[in-house]
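*Asks:* Taken in order, these protein sequences are the chains called A and B.
For the record, in the first sequence the residue sitting at position 593 is 617 according to the numbering used here, with numbers rising by one throughout.
For the record, in the second sequence the residue sitting at position 99 is 143 according to the numbering used here, with numbers rising by one throughout.
Just so you know, these hints were derived from the structure itself, not from any lab.
C-beta atoms are modelled at their ideal positions from N, C-alpha and C, and glycine is treated no differently.
Certain hints may be false.
Unchecked claim - Computed cross-link-like contacts, BS3-like style, restricted to lysine-lysine with a CA-CA straight-line distance of at most 27 Å:
{"hint": "1", "chain 1": "A", "residue 1": "Lys220", "chain 2": "B", "residue 2": "Lys504"}
{"hint": "2", "chain 1": "B", "residue 1": "Lys524", "chain 2": "A", "residue 2": "Lys651"}
{"hint": "3", "chain 1": "A", "residue 1": "Lys639", "chain 2": "B", "residue 2": "Lys507"}
{"hint": "4", "chain 1": "B", "residue 1": "Lys504", "chain 2": "B", "residue 2": "Lys204"}
{"hint": "5", "chain 1": "B", "residue 1": "Lys204", "chain 2": "A", "residue 2": "Lys51"}
{"hint": "6", "chain 1": "A", "residue 1": "Lys448", "chain 2": "A", "residue 2": "Lys626"}
{"hint": "7", "chain 1": "B", "residue 1": "Lys204", "chain 2": "A", "residue 2": "Lys141"}
{"hint": "8", "chain 1": "A", "residue 1": "Lys104", "chain 2": "B", "residue 2": "Lys559"}
To be verified - Coverage of chain B stretches by chain A, computed from C-beta distances (three or more under 8 Å per stretch; other residues unrestricted):
{"hint": "9", "segment": "137-147"}
{"hint": "10", "segment": "154-168"}
{"hint": "11", "segment": "508-514"}
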Amino acid sequence: MTTETLIWLIPLPPALAFFLIVLFTNKNKALSHSVGVGAAVLSWLASMVVFFRALGVEHLGEHPFVSSVNWLPTGDTWFKIGVAIDPLGAAVLFFVSITIFMIFLYSVGYHNFGQPKGDHDRAGLPPHGATVTDEQGHKHTVPSVEPMYSRFFAFLGLFAFGMYTLVVSDNLLTMFVGWEIMGLCSYLLIGFWYGKPSARAAAIKAFMTTRIGDVFMLLGIAFLYSATGTLTFREIFTEEMLQHLVSIDPHFLGLTGAGLIGLLLFIGTVGKSAQWPLHVWLPDAMEGPTPVSAMIHAATMVSAGVYAVIRMFPLLSLDHNTMTVVAFIGTFTAIFAATIAVAQNDIKRVLAYSTISQLGFMIAALGIGAYVAAAFHLITHAFFKALLFLGSGSVIHGMEHGVLHTGNHSVDPQDMFNMGGLRKKMPITFWTFLIGGFALSGFPLLTAGFWSKDEILADAWANGHLVVFVTLALAAFMTAFYTMRQITLTFLGEPRTKEAEHAQETPWTMTVPLMVLSVFAIGYGWVGIPENFLNLQLAPSWFHEFVGGTLAEHPEVIPFNPIPLIVSLVVALGGLLLGWLYYRNVNSAKEDFFQIPLLKNKYYFDEAYQVVFIKPVIWLSEVFTYKWLDQGLIDGILHFFGPATGGIGGFIRQYIDLKVINEFIGDGLAAVTQETGRTLRPIQTGRIQQYMMLSLVILAVVGALLYFMLGAGL
Amino acid sequence: MNFIYEHLLLVILFFPTLAALVMLFLPAGENKLLRWFAFGASLVPFILSVWLWTQFDPNAVGYQFEAQYPWYQALNSSLHLGMDGLSLTMVMLTTLLTPIALLASFSINDRVKGYMMLFLFLETGMLGVFMAVDLLIFFVFWEVGLVPMYFLINQWGSPKGEREVRSIFGKFTMSARNYASLKFMIYTMGGSLGLLLAVQMLGVLFGNYDLQYITANWSNYSKDLMGISVSTVKTVAFWAFVIAFAVKVPLWPFHTWLPDAHTEAPTAGSMILAGVLLKLGAYGFLRLVLPLYPAEAKYFAGALAFLATAAIVFGAFASFGQTDFKRLVAYSSVNHMGFVVLGIAAAASAVGTQDATIALNGAVLQMFNHGLSAAGMFFLVGVIYERTHTRNLDDFGGLFPLVPVYGGILIFTSMASLGLPGLNGFISEFLVVRGSLPLLPVYTAISMLGLLMTGAYILKGIKQVLHGPLNEHWAHGEHKLTEINTREILVMAPLMVLILVIGLWPAWILDVINKAMMMLF
C-alpha cells in the first residue's frame, strides 16, 4: 500500500469503531471495547508504518507525503482537501498514536471491566460499587462496572478520529473539522456523567469557552482563504504568498494581513489550549473520567491548539506584533497557572493547572521564535502529562477501593490530604508517577522534560528575551515545587486516612500504559539533546534536524551557554527539594501555608466572568431581545395594526354603514318613498272620472312639451 | 412513460393534488388507509424528482424540462414550468420532506382525511413556486400555499395555550393557535400586497408575465413610467419584492410571526414550515430580486446585510432566552436563515465575482441544510411533546437514561443545527462566511456573535432535556417516558443520513448548485 493511501486510512478505524459501537455492539461490553481498542491498534500500526517510512525519506520537509482530492466546487475552481505528512506531522503522529492507544487500553481497567454490575448504578452517574458475597458468606463492596461502558469507547473513538484528522490534514479546513469534532467529544466526555450537575456545567463551559476561540479562528480561516485562494499549508507557506499576505492592509489595529490572520487563528488556540484569558474551562473539565483528562489535556485536544500554531508558524512569524502577543499570552499563562496549581488539593486539578502552565511554555516558546523547542516540549509534555493523568486516575481508583472498603463515602478520593503513604500500596503507580512528576519538573539529564524545557529557556536567553526567560524560569521553579508537593502528599509519609491504608494497586490494563508511557517520559528526551551540549559536540540533535526540516529555512542551532543550563538545574532541583522539605511535615490542609484564598479561588476569574459576561448575555437574551424587542416593540407595532384595523372597521360601520348607508341612504330612501307614497295616497280616490281627468292633464302637458321640444329641434 | 417524461414537471406538480382529490372519495373513518394512501401518494413525486435529478444536466444553460400550458391567455400568462439547478435543489427538498412529514403525522387521529388532503395541497403549492417561470403563476402558487398551512395551524395546532395580545389599545386574549394562524396568514398576505402590485406593473409594462422575457428586458429598462423616473419606480418595486420575501424568510424585524406559527403548528406542520416554506422567501430573493433588480440589490446590499446580521444575532439571542423547547427551535430558524440572506446580500454587492459565487453556493446549500436539520429538530421536539404534553424546558431534565436512542438522535441533529464540522450545516455556513467576509467584512464579523450564541442555545436545549439529574416524574408509572419508536426512527433516518453525507461529501449537491449559480449570476 502506498504511504499516501495509508495516511488517508489512519483516521478511519476509530471513526468506524464509533459507528459500529453506537449502531450495533453497544449492548455488549466486551465486543465494544474490543472494537475500540482494536481500532486504536490499527491506527497506531498504520501511524508507525507511516512514521518509519517518513524517517527513511531524505529532506522530508521539501518532499512530504501528500495526496489531495477535490472537495468543494467554488465557481470555476475546486477547493481541495488532502493529507500530508511532513516532519512535524510525523513527529506528532508518533506521540498521538501511542498515547491514544495507551488511553484506550487504560480505559478498560479504569471503567472496571469484568466487575459486577452496581447495586444502584444508573446511566449518567459514576458507578457506586456492588455488593458481593464470598464463599464464607461475607459481604464485600467492590467497584462496579461503568453502566455506559460501551458508550465511552464510542466517544473515545470519535475523539481519536478527530485528532488523527487534525494531524494528517494538509489544510486548515479539515484541520478545523478535526478540531471541532474533538470539541464535541470533549463536551460529550467531560459531561460523560451527565447526571451530575457539575459535570453538565463543566461540559457546557468547555464547549462554549473553546467556541469563543473557534469563531475567531473560523473568521481567520475565511480571511486567509479569501486572501490567498487556498487553505493548503504548502501552498500558503510559499515565499510569494507570504509576501502577499504581509502586503495586505486590513485597516485593523495597524496589523498586516498576515498579522491579523495569525492573531485570529491564535485566538482559536487560546481557547483550545486553555490559555489565559480563556483558561477557565480546563480545570472544570476534570469532571470527566480520568482517561478523558489524559486524552483531552495531554495527548490530544490541548496539544491540538499548540500544534495548530506551530503549524501556522511561518505565517505567524511574519508580524512582529502578533508574535509579541503570542509570547506575552504564553509567558503570562505559564506563571499565572503555576501559582494557582500550588494551592489546589484535588490531585487532578493540580495537573490541570500544571497543563495550562506547560502549554503556556510552548506558546511562549513559539512567540519568541523557538519553533523546534515548542514542538519538542509539546511532544515530551504529551507523554509525561498523559502518564501523570493516568497515574492520578490510578491513584483515585486505588483510593476509591479504600472508600468502598470502609464504606465512608464522605472521604473525597481525589483530595491529596486524604492520601499519603500510597507508595507501598501502589508501587507501580508510585514509580511511574515519580518518573512523570520528575519529567514535569525537569529533573536534570534523565528526564525528557528537562531537555525540552531547557531548550526553551536556552532559546529565550540566546535571543535576548530576558523577561520571558526570567518568568519562565520562575514558573519552572514553581512547577517543580508543586509537583513535589503532589508526590509528597500522595505517596510519601504515612497514610493519613483509613481509606488510604486500604488503597489497592490497579489491574494490568491500567499499569501497563503507565509503564509504557514512563519509558517515553524518560527516553524521548534523548532524541533532542543539543549537539553542543556542554560544548561536547555530540551527534547533531535528531529532533532538531528532523522537525526543523519542516520549515523552508532550517532554524539555527543555538550556541551553548552555561547560564540557562545552570538556571534550569537550580530551579528544577531547588523546587523539588523545597517541595519535599516543606510538605513532608504538612499533614492537613490547615497547616499548608499556600492555601491562600486568592489562589485557591483561581483569582476569582469564574466569578468575574459570571458577572461580566454570562449574566449580561442571559439578560440580553431573555429580557432585551425577547421581551423588549420582539414581544414589546415589534409585536407591539403589529398589534397596533390589528386593533387599529378593527377600530377603522368599527368606525366605518358605526358612522358610515349604520349612519350614512343604513339610516340615511337605506332607511332614508325607504322613508322618503314611504312619505311620498303617503303624500300621494289622496290621489288614489278610486273615482274613474278623476283618473280620466288626470290622464287628460298629463297628456296635454306631455303633448305641449313634445310639441315645443320637437318644434324647437326641427 | 414517454408522456410522463415529456410532462414531468406537470406530473410532479399536480400529482399531490390529484391524490388529494382521490382521497375525497375514500371513507373518512379509515385512518390507516388514509395515512398510507397519502404517504404512498407523496412518494410518487419524490421518486419522480429523484429521476429528474438523474436526468438533469447541470452543465446545460437555462431551464430544463420546460413546459408551457395555456392558462390566462387574456393576460398572456401561461403555466410555464422549468427547472434549473436552484429549483431542482428546492424541489428535491420539498418532495423529500413531504413524505417524511406525512410519516411523522401518523400519530394524528383527528380528522385524518382533511389533514392529509391539506398536506398534499400544500405540496403542490410549494412545488409550484419553485417550478414557475411565469410571474403570475409564481404569485398564484405563492398564495396557494398559505391556505392549507393556515388551516393546519388553526385546526390541528396545539389545543392548549392562550395568547395575550397587548397593544396601545389595551389587551385581550385569544387562543394561541388562532392567534398564530391569523398572524401567519395576515402577515404573509400583507407582505405580498406590494409584490402583487409590482408584478402587475411588470405585466402591464411588458404585456406578459414570462420571467425570462421580463428578466432580459427589465434590468436595462430606462424609460420613465407614468411620469415617474424609472429609478424611483425600480426602487419602490425592489422593496415591494424584498418585503414580501423578507416576511417569509423571515428577516429581522419581520420575523415575529415565525415563533408563534412554528410553536403552535402541529409537528409535521412545523417541519414543512421550517423545512420548505421559509425557503420560498429565500428562493424569491434568488429567483426574482437579484435577477430583476441587480443595480438596486447592489445599492441596498448593505441594508440587506444589516437585516440579515440582525436576524442572525437577535435570532440566536432570542432562542437562547426561551423556556419553551419548540420556540427555542423556532427562533433558531431565524438565526440560520439569516445566513442565507447574508450570503445573498454579499453576492448582490459583487455579482459575478468568485466571492459572490461562493457566498451563493453557501446560501443555497444552507437552504437545503436548514431544511433537513430544522425539520429534524421540530420532529424531535414533537416526539417528546407527544409523550409528555409539555414543551417547557424546565419540566424535563435528565431524560437521557430513559430514552438513550432518542437522546443520541437529538444530540446528532442538534449538532447539525449547531453547524458542527463534519455535518452539513458547517459546509454551508463556512461558504457563506468565506464568501461574505471580503465583501461585507463588518457584518460577517458581527454575525460570528450569532454563531457563538448558536452553540449556547443548542447546548441549553440538550442540557435542559437530556442532561442533569433525572426528573423522576417521567421515570415511573403512567408518565413513564417511552423510547422513540421505529416509525419515528424511520422519519429521522433519511434526514440523518443526508446530514452526514452532505457534511462529509458535499460535492454531489454543491456541484449542481455551483453550476446553477455560475449560470444565473
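*Asks:* If a hint holds in the structure, say so; if it doesn't, say that too.
*Replies:* A quick look at each hint next to the structure:
{"no.": "1", "hint": "A:Lys220 / B:Lys504", "verdict": "16 Å, holds"}
{"no.": "2", "hint": "B:Lys524 / A:Lys651", "verdict": "34 Å, violated"}
{"no.": "3", "hint": "A:Lys639 / B:Lys507", "verdict": "18 Å, holds"}
{"no.": "4", "hint": "B:Lys504 / B:Lys204", "verdict": "25 Å, holds"}
{"no.": "5", "hint": "B:Lys204 / A:Lys51", "verdict": "40 Å, violated"}
{"no.": "6", "hint": "A:Lys448 / A:Lys626", "verdict": "33 Å, violated"}
{"no.": "7", "hint": "B:Lys204 / A:Lys141", "verdict": "44 Å, violated"}
{"no.": "8", "hint": "A:Lys104 / B:Lys559", "verdict": "17 Å, holds"}
{"no.": "9", "hint": "137-147", "verdict": "violated (count 0)"}
{"no.": "10", "hint": "154-168", "verdict": "violated (count 0)"}
{"no.": "11", "hint": "508-514", "verdict": "holds (count 5)"}
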